[in-house]
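S.K.: Line by line, the protein sequences are chains A and B. Residue numbers for the first sequence follow the numbering used here, beginning at 8 and rising by one. Residue numbers for the second sequence follow the numbering used here, beginning at 8 and rising by one.
Simulated from the structure, these hints should not be mistaken for laboratory data. Quick caveat, the model's predicted, so the values are computed rather than measured. Some hints here could point you the wrong way.
Repeated chains share a single entry, so a pair holds when one copy, or any two copies, can fit it.
[Said to hold, decoys possible] Calculated pairs, DSS-like style, for lysine-lysine (alpha carbon to alpha carbon, straight line, at most 30 Å):
id : residue 1 : residue 2
1  : LYS41     : LYS90
2  : LYS9      : LYS41
3  : LYS9      : LYS90
Here are the chains, one letter per residue:
There are 2 protein chains.
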Amino acid sequence: MKPSLDPFTVLMDLQTGALDPTVETVERRLSDMKGMYQVEPDGDDQVIYRVLLIPVPERNSEIQCSTTILEPGVVGDEYYMTKGHFHQVRDRSEVYIGLAGEGLLVMATEQGDHAVEPIQPGTVNYVPGGWAHRSVNTGTEPLVFFAAYVGDAGHDYGTIETRGFPVVVLRGASGPRVVPNPRYRR
Amino acid sequence: MKPSLDPFTVLMDLQTGALDPTVETVERRLSDMKGMYQVEPDGDDQVIYRVLLIPVPERNSEIQCSTTILEPGVVGDEYYMTKGHFHQVRDRSEVYIGLAGEGLLVMATEQGDHAVEPIQPGTVNYVPGGWAHRSVNTGTEPLVFFAAYVGDAGHDYGTIETRGFPVVVLRGASGPRVVPNPRYRR
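So that you can see chain A by itself, here it is in the shape it has in the complex:
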C-alpha cells in the first residue's frame, strides 16, 4: 500500500508532559465539571487539567496520543479529577503511561463494576474496551501521564455526566479513600 501519512516526531517533556510542537490543547476548568463533584466548586474558576493532543486521522488503523496534566487540589474533600468518559466505540482500549505525580485511575463498566489502579512514574495502565476511565490527582504535584488509544475510539462524556462513577476518591487523614459514590445512578 502507498502510505497516506508521513512519519513525524513530537518532543515530549517526560517530567511536565509539555509537547513541542503543541498542536491542540483542551483545557478544563472547574466550571466544566458542574454536577461531577459531591459539592459544587466555589472560588476561582481555575484550569484543573489540560490535555495536549497529537491528532491523527480518526480511523482504526491509527493511534491517538496525548499528554494530560492534572493539577493538585480538592473540591470539598474530593481530589481534582478529569471528567472521565467511555469511548464512543465501546470496545476500543487505551494505555496510560505515568510520567510524574501520584494519582489513581478510576474505571467503571456500564454494568456497574469498578476498578482502581495507581498512576505514578512508570506505571503502564491498560484500560480495556468497555471501561470508562477517569484520572484523579491524589498528590501535591501535577499528575502527568501519556495516553495512547485506538484512532477511531471517540469520546462519550454524556454517560458519565448522567450516571457518574460507582466510586469517588476522597482526601482522608491517612491518605486517599475510595468510597461508594452516593450520587451514582446505576
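Following the hints, put chain B in place on chain A, whose structure we already have.
M.R.: Here is chain B on its own, set in the frame of chain A:
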C-alpha cells in the same frame, strides 16, 4: 457492552525499559540478523536487543505495548539495529516513545521512499501505516523505547529480510552517516 478484559497495570522502569511483571521477552542475537548487515558479524553471538511485551488479544480494538532495549555496538561500521518490519496489516500505525540512549528510527515504504527520525529521551515518533520501521543505536548506551501499536497489526519480517531498507546507518568520524544501502532490492 460487557468488557472482555479486566484492567491491569505493569510497572515500567523509565530508564532501563524493564517491565514488572515481564510476561514475554523476545531476544535477538547477531545470528538472527544473517544477511542484514553489510558484512557478516563474527565473534560472540551476543544478544543485541530484547523486546519485552505486554501481550493483549490480537484484535484491532486493542493496543499492543512493548519496550525495546537495543545494545550499543557495530558490525563493521554499521550500528546495531533491529531487524525491522512492515505490519502484516499494512495500514496499522505505531508510536514510539524514547526513554534512554540515542538512536535513529529508519522507515521505508514499499515504493522505496525512506524517512529517518531521531530517538532520544522524550521523542514521540509516529510511524504511520505502510512504513516499515527499524531502530538503530547510534550512541554508547542502550537505546530504550516504548512502542504502542494497533492490536491486530502483526509483523511481516520477510519483506525486509528480502529487500532490506533503502538506507543504512554507518559510524562516521563525526557521527552517524545515513547512506544508500548498496544491497537494497527495490
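S.K.: Using 30 Å as the alpha-carbon threshold, which applies to LYS41 and LYS90: within, between, both, or neither?
M.R.: within (10 Å within a copy, 52 Å between copies)
S.K.: How would you label the pair LYS9, LYS90 (within, between, both, or neither) given a Cα cut-off of 30 Å?
M.R.: between (39 Å within a copy, 22 Å between copies)
S.K.: Between the shortest in-copy and the shortest cross-copy C-alpha distance, which are at most 30 Å for LYS9 and LYS41: within, between, both, or neither?
M.R.: between (47 Å within a copy, 28 Å between copies)
Figure legend: structure checked against the earlier numbered hints; every hint is met.
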